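Peer 1: Residue strings, one per chain:
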Amino acid sequence: DAKTTQPTSMDCAEGRAANLPCNHSTISGNEYVYWYRQIHSQGPQYIIHGLKNNETNEMASLIITEDRKSSTLILPHATLRDTAVYYCIVRSPTNYNQGGKLIFGQGTELSVKP
Amino acid sequence: EAGVTQFPSHSVIEKGQTVTLRCDPISGHDNLYWYRRVMGKEIKFLLHFVKESKQDESGMPNNRFLAERTGGTYSTLKVQPAELEDSGVYFCASAPWTSSYNEQFFGPGTRLTVL
Numbered sequence: 001d002a003k004t005t006q007p008t009s010m011d012c013a014e015g016r017a018a019n020l021p022c023n024h025s026t027i028s029g030n031e032y033v034y035w036y037r038q039i040h041s042q043g044p045q046y047i048i049h050g051l052k053n054n055e056t057n058e059m060a061s062l063i064i065t066e067d068r069k070s071s072t073l074i075l076p077h078a079t080l081r082d083t084a085v086y087y088c089i090v091r092s093p094t095n096y097n098q099g100g101k102l103i104f105g106q107g108t109e110l111s112v113k114p
Numbered sequence: 001e002a003g004v005t006q007f008p009s010h011s012v013i014e015k016g017q018t019v020t021l022r023c024d025p026i027s028g029h030d031n032l033y034w035y036r037r038v039m040g041k042e043i044k045f046l047l048h049f050v051k052e053s054k055q056d057e058s059g060m061p062n063n064r065f066l067a068e069r070t071g072g073t074y075s076t077l078k079v080q081p082a083e084l085e086d087s088g089v090y091f092c093a094s095a096p097w098t099s100s101y102n103e104q105f106f107g108p109g110t111r112l113t114v115l
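Residue numbers (our numbering), protein chains in the order written: chain W, 1 to 114; chain E, 1 to 115.
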């Protein structure tokens, strides 16, 4: 089962920041927080991941609370093309024995509106 | 660089028939994963290859499903015989062999409909 809980759906106005929350209260010390998204009719797409420090890349920012029990994915200037289901995933380090499979939950359906 | 490709994009078969799905990972990626989403459910892990070896088969639903990756390049997932509950979208993903925490690159999926 997924170790994360997310709101089922959210709306965001185009051009505004989209803040997607995720709770992962049972996260272990060596588990990372990953975010993927699935745009309709496409395969999931990696966005960002982090352990305990805040992370930023060209797509988004990831803010992880100090106790690591929750995080927020921030899309700074949402566009209509960001409409998708966003998945927050807690994942153990990949190694040769563990495999690194992704365990998806229900995700948050983000609708960006004009 | 080409991404992960899957063939066919859609398949419609009748219950009891056999279907083979193919996945071509990104060149050089040792890790290959199969996932599926059945109607109304979450995306579920099926299995993981490292090169040609099955590393984790824990998500395979039953023995009607057979995955292979001969030569450690492309992979096939055969469903024989197909049942109605097998309908859904089957995703393949690949990842390079790095020390850890590597992202998985997903293909567009194969939509399987069993009538």
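Honestly, the hints are just simulated from the structure, not real lab data.
A couple of the hints might just be wrong.
Said to hold, decoys possible - Here are the computed distance ranges between Cβ atoms for each label pair:
1. T18(E) / L80(W): 22 to 30 Å
2. S25(W) / E14(E): 24 to 32 Å
3. T72(W) / E42(E): 16 to 24 Å
4. P108(E) / P114(W): 25 to 33 Å
5. H77(W) / P108(E): 32 to 40 Å
6. R64(E) / H77(W): 43 to 51 Å
7. S53(E) / P114(W): 43 to 51 Å
Said to hold, decoys possible - Here are some chain E residues the structure puts well away from chain W; computed CB gaps all over 10 Å:
8. R22
9. G59
10. K78
Note that the coordinates shown come from a computational prediction; the quantities given were computed from them, not determined experimentally.
Note that beta-carbon positions come from the ideal geometry of N, C-alpha and C, so glycine has one too.
Peer 1: Next step is simple, just say for each hint if it's right about the structure.
Peer 2: Evaluated hints:
For the pair T18(E) and L80(W), the beta carbons lie near 41 Å from each other, so the given range of 22 to 30 Å is not met. Taken as a hint, the range 24 to 32 Å is violated for the pair S25(W) and E14(E), whose Cβ atoms sit roughly 46 Å apart. The beta-carbon spacing between T72(W) and E42(E), approximately 22 Å, falls within the hinted interval of 16 to 24 Å. Checked against the given bound of 25 to 33 Å, the beta carbons of P108(E) and P114(W), roughly 27 Å apart, stay inside it.
Between H77(W) and P108(E) the C-beta distance comes to about 27 Å, which lies outside the given range of 32 to 40 Å. A C-beta distance of roughly 47 Å is found between R64(E) and H77(W), which places it inside the suggested range of 43 to 51 Å. Between S53(E) and P114(W), the C-beta spacing of about 49 Å keeps the proposed range 43 to 51 Å intact. A cut-off of 10 Å between C-beta atoms confirms that R22(E) is not in contact with chain W; the least separation is 15 Å.
Here G59(E) does not stay apart from chain W, with its beta-carbon only about 7 Å from theirs, under the 10 Å limit. For K78(E), the non-interface assignment is confirmed: its Cβ lies about 20 Å from the closest Cβ of chain W, beyond the 10 Å cut-off.
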